[in-house]
Amino acid sequence: MAEHSITRTPVGRRPGRYVLRAVVTAYLFLLVAWPLYLVGRNALADGFTSLGDILTDPDVTHALRLTVVIAVTAVVINTVFGVGISILLVRYDFPGKRTLNALLDMPLSVSPIVVGLALVLVYGGREGWFGPTLEAAGFQIIFATPGMVLATVFVALPLVIREVVPVLQEIGDEQEQAARSLGANAVQTFRRITLPAIKWGVIYGVVLSLARSLGEFGAVKVVSGNVLGETRTATLVVEEKYLNFDKGGSYATAFLLALVAVACIIVVSVLRPKEDR
Amino acid sequence: MSIEIVNVGKRFGDFVALDDVSVSIPSGRLTALLGPSGGGKSTLLRIIAGLERADVGKVEIEGVDATGLPPQKRNVGFVFQHYAAFKHLTVRRNVAFGLEIRKRPKDEIRRRVDELLALVHLEQFAERLPAQLSGGQRQRMALARALAVEPTVLLLDEPFGALDAKVRKELRDWLRRLHDEVHVTTVFVTHDQEEALEVADEIVVINEGRVEQIGSPDDLYDRPANEFVMRFLGPVTQLGDQLVRPHDLQLFSGGTTGVAARVTRVTRIGFEIRVDVATTGGQPVTVTLTRNEFLALGIAVDSEVRVQLAPGSPSTTVSTPEQRTAEPSLATTTS
Ligand SMILES: Nc1ncnc2c1ncn2[C@@H]1O[C@H](COP(=O)(O)OP(=O)(O)OP(=O)(O)O)[C@@H](O)[C@H]1O
Ligand SMILES: [Mg+2]
Numbered sequence: 001m002a003e004h005s006i007t008r009t010p011v012g013r014r015p016g017r018y019v020l021r022a023v024v025t026a027y028l029f030l031l032v033a034w035p036l037y038l039v040g041r042n043a044l045a046d047g048f049t050s051l052g053d054i055l056t057d058p059d060v061t062h063a064l065r066l067t068v069v070i071a072v073t074a075v076v077i078n079t080v081f082g083v084g085i086s087i088l089l090v091r092y093d094f095p096g097k098r099t100l101n102a103l104l105d106m107p108l109s110v111s112p113i114v115v116g117l118a119l120v121l122v123y124g125g126r127e128g129w130f131g132p133t134l135e136a137a138g139f140q141i142i143f144a145t146p147g148m149v150l151a152t153v154f155v156a157l158p159l160v161i162r163e164v165v166p167v168l169q170e171i172g173d174e175q176e177q178a179a180r181s182l183g184a185n186a187v188q189t190f191r192r193i194t195l196p197a198i199k200w201g202v203i204y205g206v207v208l209s210l211a212r213s214l215g216e217f218g219a220v221k222v223v224s225g226n227v228l229g230e231t232r233t234a235t236l237v238v239e240e241k242y243l244n245f246d247k248g249g250s251y252a253t254a255f256l257l258a259l260v261a262v263a264c265i266i267v268v269s270v271l272r273p274k275e276d277r
Numbered sequence: 001m002s003i004e005i006v007n008v009g010k011r012f013g014d015f016v017a018l019d020d021v022s023v024s025i026p027s028g029r030l031t032a033l034l035g036p037s038g039g040g041k042s043t044l045l046r047i048i049a050g051l052e053r054a055d056v057g058k059v060e061i062e063g064v065d066a067t068g069l070p071p072q073k074r075n076v077g078f079v080f081q082h083y084a085a086f087k088h089l090t091v092r093r094n095v096a097f098g099l100e101i102r103k104r105p106k107d108e109i110r111r112r113v114d115e116l117l118a119l120v121h122l123e124q125f126a127e128r129l130p131a132q133l134s135g136g137q138r139q140r141m142a143l144a145r146a147l148a149v150e151p152t153v154l155l156l157d158e159p160f161g162a163l164d165a166k167v168r169k170e171l172r173d174w175l176r177r178l179h180d181e182v183h184v185t186t187v188f189v190t191h192d193q194e195e196a197l198e199v200a201d202e203i204v205v206i207n208e209g210r211v212e213q214i215g216s217p218d219d220l221y222d223r224p225a226n227e228f229v230m231r232f233l234g235p236v237t238q239l240g241d242q243l244v245r246p247h248d249l250q251l252f253s254g255g256t257t258g259v260a261a262r263v264t265r266v267t268r269i270g271f272e273i274r275v276d277v278a279t280t281g282g283q284p285v286t287v288t289l290t291r292n293e294f295l296a297l298g299i300a301v302d303s304e305v306r307v308q309l310a311p312g313s314p315s316t317t318v319s320t321p322e323q324r325t326a327e328p329s330l331a332t333t334t335s
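One line per chain: the protein sequences are R and B, in this order. Quick note: the first sequence uses the UniProt record's numbering, first residue 1, plus one each step. Quick note: the second sequence uses the UniProt record's numbering, first residue 1, plus one each step.
Chain B on its own, in the form it takes in the complex (with noise of 0.2 Å):
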């Protein structure tokens, strides 16, 4: 294990940010802190760089006790969301920063910036001042600079959060191909359920200052701990008392398995077909289909219909009987 997160706790005056969270990390692995916004993503994120003192608790980075460390000690490389570019270097200047705080040789410090500089893209930019890049090439850069240093760990917090959608998932990808070819320990935050399920080998969900679940994306969709890993992970709906995802409840025009319920609109989202229906027991519940499903079974409003989980579906059983459907649901926006 690479970084041994135990019992850390945070408190900022009264507000509890963490509470006795408690996780591992493993060597060489792409993880993501996944949360909703003020869960503690980044409290957790600073804590391991140093940035932030835990209250109680400790933090250990390759089996060294790192928990009264400041940060320079740490060996470890930080990407901040809005690039924390240092604004009167050039971008050779920038990524030369660690390496000439370490005072490492001149020649090697030029050597490995240009190494660097031509694994983010970056040689013709060479010489000039962050002010004078977009956006996603300042955060490349950023990168490179993390990375110049050979840290132990890397740490992203929301790397991609202030730039547009296009170029969001441009990065999200060459940071995949990035990870798969320097391996360096990455932990990155993110409130972006889809860009995790992408990217992270094992995703962390942070919730109010606690861990709600750690696995593997397929963990995670699957097999859902409890409730809110369910309805952070993607748009969920309600049939009977168990939480399910739309597109894995099936419909039938006819016969007599599952419960019997009455189409009561359709609309079309791209493609996929939405299907509101309402159970005789006046329940509505959503359910997604493809296309070719929904023209097979040939139904309209007002049709009679049966709904069923398909077998080997996640779900969950809710707690709150009054939450229902996926439209309030934060995830259905974003996938």
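Just chain R, same shape as in the assembly (with noise of 0.2 Å):
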């Protein structure tokens, strides 16, 4: 996109492009680079022992366990039901449209903590809507596992379906319709034309949502009642090193969710330009 608007731009206003430039390069230097390389340095501030004291504690490699389940769980599930609720938004009329669209947005617009005291007054073991029932079933949703996957879904909903959308408005229906006309039933079209078709934006809100899930921090604190070695997830662990003066650790951790992080965006940005092929 920038490449675009520079090779419009008047000659006459070079230098005001460069002014931007600078700018802009300086912001996102201030605000997010030189912070990440800290957190980077401090980690690596004695060479590796911080990082290897993480790595060999139990309570760290079981919450960055959790926390790979819970996000790739979560993952999947926002990806299962972010393409159908994106192919009912986007091929279909019902009444309520408009708000299911409205109520996709609102955990971007939230806050995570919210979130999770709304989920806590629905499925809380005790007091919660819902919770008594379950917990009566021998489901615990509260404080375990399957409470904070709700919460991560929850939080990274919007992110498969704002991506998957507008490639499916796109595209179109007409390739859809030629398969049906062709003899494919809805699960043929589905898999053989619309499902390539959509790839990389299925990609992308994959790939977004991971990173999504793997920080959350806000909502997953409030359901997961922290508990040292059973739902204790990598952000908490951070937290808590933190607060306990134990900054090595915390920042090493902290340093392995910027590392994801980044790698979930290197993904991105290698697979981007293929799209345009």
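Some clues are possibly wrong.
As a list, the in silico DSS-like pairs of lysine-lysine whose alpha-carbon atoms are at most 30 Å apart [said to hold, decoys possible]:
id, chain 1, residue 1, chain 2, residue 2
1, R, K199, B, K73
2, R, K199, B, K87
3, B, K73, B, K87
4, B, K103, R, K199
5, R, K199, B, K106
Don't read these hints as lab results, they were simulated from the structure.
Assembly of the complex is requested from the two constituent chains, each provided in isolation within its own frame, with the hints serving as guidance.
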């Protein structure tokens, strides 16, 4: 995008272009690059000892594993429902469509803490609206992994949908109709025509959701109960270590989280140009 | 009869897109659905294909009641105006799609696809993606793809509408020849009367959701059922209360036949000469003559002439006297 607008800028306004570039670079540097760099430097301040320490601490490795399990589960759920909801939104007309559309943006606008509290109100084991019933049937949601998955699903819900909906709108439904007229049923049409066409949108959505899910803190903190070695995720470890003046461990864990997020971004940017082929 | 459409109606909200339409489409023929934009042609075609549901009425294909059948059970081939090529599949896989869905053996698919690619002259493009083809090539691929499943009927929605005039003309001739080879019952939508007259065995004129006339190109041209069909199929002008074709009018430089008039303007348009005259009653009439006819008459602006309709020429009575002359008609621009 930036490339296009630059080539269209009249020659006479070149100095403006350089000023703008400098401002944006400085802004991003001060806001993103420098702080992230400092996290890395702190984590590696005494070589790899901090990193080694946290990776051998069973509580931390458990937290990391739990984070991955929760994030992957949440991403799978969000991908399946995200693609389903996108198709519903783009290809079908039904009463309440606008309301649904507006609701889908809620997770982006509501604070994750509020999400956590709301989930406790509904699924809380003792006083929740639905929780006691589930508890009686043997399912614990709040203060257990399902609740944390639920919270993560909630906050990352719109990401796949917001990536897939525009792609679906752009490809239109003629290819799908052609497939139907050639004898394909709904499932065959989806697998052979729709899915390959929206593939990149889904992949970006998944990567974004994964990054978001790995880093989720507020909502998960409320519903997890933060029990050491049980429901403590990586982000909660960072906070706990930080509050306990274990700066080294806290930065090392934070560094790992940042590393995964950066890896996600690199994956996205490597994939993106291929889309234009 | 291959396709039987009985009392079909379709609304979009309050808007009536099709109003009690009944058409019989004969087997093995090339039928055109012709009409102005928004008339309901695509809607009717999509109802035949099952891509749209009729609110009322019945659709029968080769004796089978298809009214409630989903598109994949109707065995129709559908060709879209904008090709609807499967963008992520090669030309070969595009054409093979219907056969793969039907789980035909691999060799059979390969053989059949090769045959079809030869039929549409795309053999050397088999391994390309649709994005690497021109519009005309994409549309031929779409045709091969539709023909691959050996449909009982082939439906084409303005198949050449998105192509430039020259390619459109080539493909139009090619479709006619293809049809003479393959003989599958074919229905194609067009709003170009010339295309319909030139290619179709049978034309169904549709306007504002109703069928105006069904017949052969000759029927429609020589015996238009009403003023709409007369106007839509070619240029018209008005003489008295009769709507006639400008080239069916005769001019005489003397004598007593016909109506007296004075030449107001002479325009040369390619191989035709257009002569505008005004009758003594003040009615403007347009006559088109060949160059030789014009020279033989020896007339110029302000000459006194007499105008009459050549015997046996088609005409219809005008219902709205304000509408006159050939110029405002939609048809003059395309013929
Ligand atoms: N899905 C739809 N929703 C609402 N109105 C529609 C829909 N499809 C078609 N229409 C309306 O129905 C009328 C007939 O449409 P149709 O596409 O059949 O026209 P057409 O004869 O094919 O015209 P064209 O030559 O422009 O393609 C149009 O006025 C159109 O606006
Ligand atoms: Mg149409």
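Cross-check of the supplied hints:
Distance hint between K199 of chain R and K73 of chain B is fulfilled; the C-alpha atoms sit about 28 Å from each other, no more than 30 Å. Between the alpha carbons of K199 of chain R and K87 of chain B the distance comes to roughly 13 Å, so the proposed pair stays at or under 30 Å and holds. The straight-line distance between the Cα atoms of K73 of chain B and K87 of chain B is roughly 24 Å, inside the 30 Å bound, and the hint therefore holds. Distance check on the hinted pair: K103 of chain B and K199 of chain R sit about 25 Å apart at the alpha-carbon level, within 30 Å; holds.
Of the supplied pair hints, the one linking K199 of chain R and K106 of chain B holds, its CA atoms being roughly 27 Å apart against a limit of 30 Å.
Of the numbered hints given earlier, the model fails none.
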